[in-house]
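Trainee: Just need the whole structure built from these sequences, with the hints factored in.
Chains as they are written, first to last, in the numbering used here: chain W, 380 to 656; chain D, 1102 to 1395.
These are computed hints drawn from the structure, not numbers from a lab. A portion of the hints provided could be inaccurate.
Claimed, not checked - Here are the simulated DSS-like cross-link-like pairs (lysine-lysine), alpha carbons at most 30 Å apart as the crow flies:
hint : chain 1 : residue 1 : chain 2 : residue 2
1    : D       : Lys1203   : W       : Lys381
2    : W       : Lys643    : D       : Lys1359
3    : D       : Lys1388   : W       : Lys600
4    : W       : Lys622    : W       : Lys416
5    : W       : Lys622    : D       : Lys1258
6    : W       : Lys601    : D       : Lys1328
7    : D       : Lys1199   : W       : Lys388
8    : D       : Lys1388   : W       : Lys485
9    : W       : Lys388    : D       : Lys1305
10   : W       : Lys543    : D       : Lys1328
11   : D       : Lys1203   : W       : Lys643
12   : W       : Lys381    : D       : Lys1258
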Amino acid sequence: MKKATVRRKLIATVILFIIGLAFLLPLLWMISSSLKKSSEVFSANFTWIPKTPQYKTYVSVLNSKSIPLLQMMKNTVIIAAATIFGQLLIASLAAYAFACIPFRGKNIVFIMLLCAMMIPSQATLIPRFVLFSYIGLYNTHWALILPAWFSVSSVFLLRQFYQKIPGELIEAATVDGAGHLRIWARIMLPLTRSVMTSLIILVFIASWNELLTPMIFLTDKKLFTVSLGINLYNAGDQDLINKVMAAATIVTMPVIFVFLMFQKQFVEGIMTAGIKG
Amino acid sequence: MLRRRNTIAGWLFLAPIILLFLTFIAFPLLFSGYLSFTRWDFVSGMKGIEWIGLKNFQNLLHDQIFLYALENAVIYILCIVPVSVICSLILAYLLNNKVYIKNILRLFYFIPYISNAVALAMVFKYLFRASGPINLVLANLGVTDLPQWFSNPSLAKIPIITLVIWTSIGYQVLIYMAALQDVPIQLYEAAEIDGASGTQRFFKITIPMISPTTFYLVIIRTIAVFKLFTSVKIMTGTTSERSSTTLVLEIFRQSFDKYNFGYASAMSWVLFMIILIVTLIQMKGQKKWVHYGS
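Mentor: As structure tokens, then:
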């Protein structure tokens, strides 16, 4: 009986391992191609490991003047960091008000945010473009950062977590003379660090991968994000393929590393957040 | 006194989000609503806005590309949503306590989800090209008439569908795994005592118990498919490809390639209405499903 379950478990593990490897094949192909000569990539006798790995390709991609990938990575990190800071600050303040401050009128704001959830950001692109052109934020990173500070799902998620904090804690702090700002900073923020971590990673991934808004709001190559950088390679022909794949590898790997580092918090965050989402 | 302090604090805490809502949601939505009744090329300035009534919406009904985008959305949803949700469920079911090294395996499925979407779309573009690895495999399997994935209109959706399913599974597996852990173990034990087989337990207990999650995932995947942009944009290049185009891609082209701001706004409102309806269905549905929850 016991032996049978062990065997079944082993078989399932092997099967899921093989499917999992198949899942990673496109990424492995990307890395493999990035290390080949461009003429090798589509050759009929395919090999996963190139005879002589061309590390030079990475050097030339990173040093390229026409597509300054390092600069673009820096830009993307700046945009992501500013987005994370603003979005989480604003969302957690709002979440605190919803969860912990009793006052009239907050239901109206809550319903307002519920309505905002039904509005796809793509439907508001044109007015945003007009607005940013008129106030001079077009072709600046602010055009990407400011709208991303508004996130209903972050507010709702944090609110859920704040609601779980026992009310006695807040009452005790109030009796001690603490104001709301202090309770928020000293009690709520420290107690919900894990959900904050997963939100940080989620927002980071989203802004690292974004293509539509940078494509619309940025025209100056010096300001480009990594997604736009890779897109510049898109027009390329077959000769470029090893470079394209090297560039693709370069922008993919940092996120995977970040994820591996924070895997536990992130997975737990999604698992608690997603269900009620 | 305390009440007044609460009111002031409450509004101050909410002020930033309200301000953002007004600037980036409410105003843009109303402004694009107004623009959808006008003809405007932006370059001519605010004075160039010309009121044309319902003309944009009438034109939409005869716009072949727009109708293709709607038709494509339906096909994308029918192909992507069931496959990606069912695969996720099966993987999550197996990953949940039916395997060793669960956390490492879970990672395999999750990596595509966090990888840069543009980079992945580029990889798929090369994988599916006429002389690419997919066709190489097919040729080795003895297929003589190799498919032209991008130039053949009836095949052009396949690379996109594959990519979207592939990247969406990781996230859904996580959500399903969480839901599966919430199913009370006593239910399974009771069923086992009654002599229910593994398959029976899966269909009679697991599926009904996690139906709220399934419903949620179907809805968010449907909405995501309506907003499809990156993968299609990268894989089909600059020319308008009617067999694979999407609503967001056409909004993008009409506004920022052609500067038809009025017409593109009308399209944006169609997108808005579609998402609105889907979300309302979700909210209605959630209430119905709620009794499964606790």
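Trainee: Starting from the hint list further up, note which numbers the structure goes against and sort them upward.
Mentor: Those not satisfied are hints 2, 3, 10 and 12.
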